[in-house]
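**Student:** Turn these sequences into a full structure, and let the hints guide you.
There are 2 protein chains.
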Amino acid sequence: MENTVGIGLLGAGTVGGTLIRRLVEEHEAIGAKTGLDLQVRRVAVRDPDKPRDFTLPPGVLTEDAMKVVTDPSVGLVVEVMGGQDPAFDLVLAALDAGKPVVTANKELIAARGPDLIAAAERQGVPLLFEAAVGGGIPIIRPLSETLAGEQIARVMGIVNGTTNFILTRMSEDGQEYETALEEAQVLGYAEPDPTADVSGADAAAKAAILASLAFGTWVGLDQVYREGIEKVSALDIQFAAELGYVIKLLAVAERTGRGVCARVHPVMLPAEHPLASIRGATNAIYIEGPSIDELLFAGPGAGGEPTASAVLGDVIDAARELLAGAVVAPRIRFAAGALADFGDVTTKWSVRLLVDDEPGVLAQIAAAFGESDVSIKSVWQEGQGSEATLLIVTHGAAEGRQRVAADTLRHLEPVREVESVIRVESPEA
Amino acid sequence: MENTVGIGLLGAGTVGGTLIRRLVEEHEAIGAKTGLDLQVRRVAVRDPDKPRDFTLPPGVLTEDAMKVVTDPSVGLVVEVMGGQDPAFDLVLAALDAGKPVVTANKELIAARGPDLIAAAERQGVPLLFEAAVGGGIPIIRPLSETLAGEQIARVMGIVNGTTNFILTRMSEDGQEYETALEEAQVLGYAEPDPTADVSGADAAAKAAILASLAFGTWVGLDQVYREGIEKVSALDIQFAAELGYVIKLLAVAERTGRGVCARVHPVMLPAEHPLASIRGATNAIYIEGPSIDELLFAGPGAGGEPTASAVLGDVIDAARELLAGAVVAPRIRFAAGALADFGDVTTKWSVRLLVDDEPGVLAQIAAAFGESDVSIKSVWQEGQGSEATLLIVTHGAAEGRQRVAADTLRHLEPVREVESVIRVESPEA
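Protein chains in written order, with my numbering: chain U, -6 to 422; chain X, -6 to 422.
Hints were generated in silico from the structure; no laboratory data involved. Note that beta-carbon positions come from the ideal geometry of N, C-alpha and C, so glycine has one too. Please note that a few of the clues may not be correct.
[Stated by the list, open to error] Every beta carbon over 12 Å from chain U, so not counted as near; a handful from chain X, in silico:
1. L12
2. R39
3. Y170
[What the hints assert, rightly or not] Some, not all, of what chain X presents toward chain U, calculated at C-beta under 8 Å:
4. E19
5. H20
6. A22
7. I23
8. A25
9. E123
10. I130
11. L140
12. G209
13. G213
14. A291
15. A301
16. A303
[Unchecked claim] Computed spacing ranges between beta-carbons, pair by pair:
17. U:D334 / X:A146: 33 to 41 Å
18. U:H388 / X:A111: 44 to 52 Å
19. U:E114 / X:P50: 45 to 53 Å
20. U:E114 / X:D166: 22 to 30 Å
21. U:T7 / X:H404: 55 to 63 Å
22. X:G318 / U:D89: 20 to 28 Å
23. U:Q32 / X:R115: 40 to 48 Å
24. X:A146 / U:Q32: 22 to 30 Å
25. X:S66 / U:D366: 54 to 62 Å
26. X:G318 / U:P65: 21 to 29 Å
27. X:E(-5) / U:D89: 37 to 45 Å
**Tutor:** The following block contains the structure:
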């Protein structure tokens, strides 16, 4: 039949397994809606004898991943194994063989996207990765297609459900970081080794992809500034709340006067910002541009079902192009563009200090900021006997100057400790 | 040049004028990002001598719209004139001539979409209408592509900024409908003749399109149940608020046991629902499905800039397909499917009654609902001397049965008036 597309899967874990189950169980419904006959032909797994919650004819499962790619009955390859190796070689081989590839692998795209995109363009086949950012939230396609003509100014996203769950628990129940992390692990929102999430590494890969698509300038994974949430304390969240802010781990991609900048770090957001109310494991992406003003996309950012839904959307799209024999021009062109040095990018800082509560301390601190040309927006002081806690929020200044100011503070006599530094995103300068 | 696409516009009003200005002023930026050389070749306007805020070479403006369609230098037609006639004939002629069409015309698509979609399929050219629903919010593409594999359960949208502005003012400032409407007119959010917005007609066209795309069953404009906001009073909003609800005009498209149903009417939404916090002229669309759980898209639903941004995204996409000579299969297939009779669809009602405050009145009212097999969820009473106001919220029951119950109420001796009926959308049965 001319509407049949043979599908090969690399991986059958949470996302792959869900996708297979849906391709099998909803075969008729998908056919009615799309006109496609999608057939699972080959699936690469580590252990073909492991029990699965889907049923496929004998011989479909294989341990040899390259066989999935080279099987002549496979016209379209879905990569859901994760990691860079061997995923890179397999995806490249599929593209070089003229087979469309759908992947949910954010790390692969962020770290080695340009080589794969170049291979896809060379062969005129689609390489789609809607599920790589925001799980079930449609964001890649809107960014690279619907907003292709928009001169996007900034993209900010809550793109990691684990850290948003932890920060929400800390914020709503006053929990400390360790307690909230343990709860997230018990509930399955965090891995036994949570490093990839809490360090911001997962979000950084997504920030790189968002920045690349939003600005048409490829931003590599190693070019993303990254800080995790490990040092955020219940006290930071409490101080932020008193000033009308919420603390979120954000992926920020922005066009600055110095070039494109992508970064991931904890942010103090005004409580009324649309991203401030995104709770728990939900993800959300907020886009600013001159014509669209502001757009918000929110939904489930991870999990087998939502992610498989996004992969399936890409599979349907790629299958249609494959059947049409269409060589559609790439969805977005990446041109060489300047990347900003983060030290030159304007940021606003919130600095929490433990100081000796003595006359003149504030004057010394203000002078330290002044020397670095950083102007102070507000000071909030809370005395505790002979010591006091100061929370200083600055106006916008180059990140590098903020750092110099903070270093100067650390060496001031009455400053016992710079307890925390969290950047502030707010509309005012 | 092989990357040049000649564009013809039908209409140069708010959206068309903005699009032309952007195509001219941002020609280089768009080229850098997309690789396309988009040239405005012909523009149909009513009065070529009227001053415009864009500059085009002499001879580009014409009063003869069909000349835009037939001009051999025009490869792609953008229809932003609105209305069904003569837009239908012009769009059909363009498609029949093998030219891709981009339109922002919700009424045209909702009322006569099937004929145009058939023509586009016959010729293998794209017919794109991202801007027809939600203005600058990417929703058509996510619904018909990213979510193509999702068995969507329900779509609910705030898709008319005028009515949401009016309801927001009524809700936040206690204004009556007429006052809020006047303010909306002064501020330019409502037309001098606001009928199309306040009657729900604009939202109904969008509901038809959302239902058709979400369920793959074509729902015509005349098949959408429609009620406007003209009868919503400050008192309704106040009572709703006391019970924890917000009143919104929603476009609802849902898959029911009886078939697909599309409807537009005022709705009492729980204050914590994601759509409840959408204020002013902002639009938002909320999608529920088994895999994606819930998705929210929010942004500017109207206005020249956001709408032109969505049109431009479609133009870029259609231009790419045109240059590729690609005949990609249609984005979504429409199959004959059952449409539900609204009388059979389960709804929950909130009924506000003015009654004589005498013993036994509640028993009579409860009996009236009981006779129609409608069960009461809650009763809220406020006495005012010899009369009392009752607000009754029912559990879910067939719309037809709810109507019978309300009719019975109207004829009860102690019921002075059924003052308002507003449907409730809440997760509980």
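**Student:** Look at each hint and say if it fits the structure.
**Tutor:** Hints and how they fare:
no. : hint                        : verdict
1   : L12                         : violated (9 Å)
2   : R39                         : holds (25 Å)
3   : Y170                        : holds (27 Å)
4   : E19                         : holds (7 Å)
5   : H20                         : violated (11 Å)
6   : A22                         : holds (6 Å)
7   : I23                         : holds (6 Å)
8   : A25                         : holds (6 Å)
9   : E123                        : holds (6 Å)
10  : I130                        : holds (6 Å)
11  : L140                        : holds (6 Å)
12  : G209                        : holds (5 Å)
13  : G213                        : violated (19 Å)
14  : A291                        : holds (4 Å)
15  : A301                        : holds (7 Å)
16  : A303                        : holds (6 Å)
17  : U:D334 / X:A146: 33 to 41 Å : violated (48 Å)
18  : U:H388 / X:A111: 44 to 52 Å : violated (59 Å)
19  : U:E114 / X:P50: 45 to 53 Å  : violated (34 Å)
20  : U:E114 / X:D166: 22 to 30 Å : violated (55 Å)
21  : U:T7 / X:H404: 55 to 63 Å   : holds (59 Å)
22  : X:G318 / U:D89: 20 to 28 Å  : holds (24 Å)
23  : U:Q32 / X:R115: 40 to 48 Å  : violated (28 Å)
24  : X:A146 / U:Q32: 22 to 30 Å  : holds (27 Å)
25  : X:S66 / U:D366: 54 to 62 Å  : holds (56 Å)
26  : X:G318 / U:P65: 21 to 29 Å  : holds (27 Å)
27  : X:E(-5) / U:D89: 37 to 45 Å : violated (25 Å)
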